[in-house]
Each structure stands twice: as C-alpha cells, then as structure tokens.
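Given the sequences, and given the hints that come with them, work out the whole structure.
Same order as they appear, the protein sequences are chains A and B.
Taking our numbering, the leading residue of the first sequence gets 19, the next gets one more, and so forth.
Taking our numbering, the leading residue of the second sequence gets 22, the next gets one more, and so forth.
In short, the hints are calculated from the structure, not lab data.
Predicted, not measured: the structure shown is a model, and the values here were computed from it.
Each residue gets a CB set at the ideal place from its N, CA and C atoms; glycine is no exception.
No incorrect hints appear here.
So the derived label-pair ranges between C-beta atoms look like this:
#	chain 1	residue 1	chain 2	residue 2	range
1	A	E89	B	P134	25 to 33 angstroms
2	B	L103	A	G82	38 to 46 angstroms
3	A	E89	B	A170	32 to 40 angstroms
4	B	G148	A	P32	29 to 37 angstroms
5	A	Q107	B	P74	49 to 57 angstroms
6	A	S35	B	G174	19 to 27 angstroms
7	B	G149	A	S35	27 to 35 angstroms
8	B	A106	A	P78	37 to 45 angstroms
9	B	A73	A	D64	38 to 46 angstroms
10	A	P37	B	T99	28 to 36 angstroms
11	B	S72	A	E106	38 to 46 angstroms
12	A	Q107	B	G42	37 to 45 angstroms
13	B	P35	A	Q102	29 to 37 angstroms
Partial selection, computed: residues in chain B whose CB lies under 7 angstroms from chain A:
#	residue
14	K87
15	P150
16	G151
Non-contacting residues of chain B with respect to chain A, defined by C-beta distances greater than 10 angstroms in every case (computed):
#	residue
17	T56
18	A76
19	G94
20	T123
21	V173
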Amino acid sequence: MRKGLSGYATLTDPAYSSPQEWDTFTCGHCWPPTIHRVQPFCDPADLGGLCKVCMRLVCPRCLGEGCAPFERALEREEANAQAQRWMEQG
Amino acid sequence: MALYGTTNQSAATPALTAVAGAPGKTMLQLAAQTTGIRRAWIYEYKVGPLSAPNATDCELVWTLLKQTSAGTGGVTLTINALDQADSAAATVALGNFTAEPTGADTGIVDQVPANQRGTFQWVVAPGGPGEIVIPATNLAGYGIRVRSATYVGNAGASAKFRE
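See below:
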C-alpha cells in the first residue's frame, strides 16, 4: 500500500506551529484523476483500495467498479476531439 | 523527459490577478495546443496569496480542475525549461483572464480550503506514478482556480510539468 502513495502535500497555516504534511495518492481509475491526501496511520480501508488488475490505488468512489484505468478515458477523449477536428476541417 | 515550469507571474510585464468570489478566478491554466500537440504531465503545483491579508480573517479555496477551453482575454505566460538545453514546451500557459475558462466542478482534481495566509504545495516524482495528465486535445488542460468570499487581494500559482 505504501508504494502507491506517490505524492506529497504541504500546507502552511498560521494556526499551526509547523507545516501540515501528508502523503497523497492519485486515483488510478478516476478521469480526470483525483488527488487524495492520506492521514497518518489511517486505516488502509478508508483510502479506497488497491486494484489487483492494474495494481494502482483507487479512491472510494471507484472501488468495486471494475478495472478501468484512466488512460482509457483519456484515449477516448483525445479520439473524440480528433474526430471533431476532422469533421470541422471537412 | 523535458521538465518545465511556469507561474502566473511569468511574463515580461507580470499582471497581478485578484481573487474573486464563487466560482472563483483561474490564476494559471496549463493546456495542450494545436501546434505540436502532445500530452503533458503535471507533477507539482504551488499556490499562495500575493497580497497583504484581509483585515477580517478569511479563507482561500484553491482548486485544481480540468478545463476544456481557454478563458477570454488571457495572457500567454512564459514557460521555462528547467534544463535550458531542452526545446520549448508545446504546452501553453495562460492566465489573467477576463472571463473564466470552461470547467465544471465535476472536473475537480484537488481542492484545498486554506487560510488567507496559507500556502499549499503538491508534488510527485516527475515521470513516476501520480502525475496529472493533460490530454493531447486542443486547449484542454487544467486550471488552478481560487475563490474567496472576503479576500480581494492577488494570488499566485506555479506549476511544473513534463512532456
């Protein structure tokens, strides 16, 4: 699970004596991808889950929806835009 | 792998952009463009206020969201390669819009409610997992937007990405 926490976020706030820091992960299924902050020592079940097909962390919203890596939606969006451009150019 | 960086102040004559109420004001937009169109991957962004704090303590709500058009009246910002030997970026950076780019709340990637004196940074290793992909679609990309009901000063945003 720890290997999936690929990002790091830092918030400075005058209400705290030191910066607030979190590990983050980017959902492997959401399109557009969503960034999720992880509380220290949180229950891994609260994060969402690990997709055993693409081996990426997924957010609670995508959990149990099957493996649909965001690259598929990305490719669909690019193909749609390309088709539209061709049609507009005649 | 070429790395690039830009801010909403990266211009020959930097224009300060004031924070607005809902839905907010896009400080920095990174988007693909027709010329040399290609994907790009955002691996870092930083945000914070650029003006003195409001007398009444208040919030700044920062949002990274997907946008599908350029805003009206935006200025093109300079993108610098972190390694000066790299070629110029194909991605375009825009800011200081008079009318907001198209982007619904359903496209929110990240949101940070912060104090008006707060700053926020998010980073992943460039080339590693977790980067935010800009599709190779003309003027599709991501904007860093900020809103506040009270704060009317200026704000700054910077981002780093790779192509």
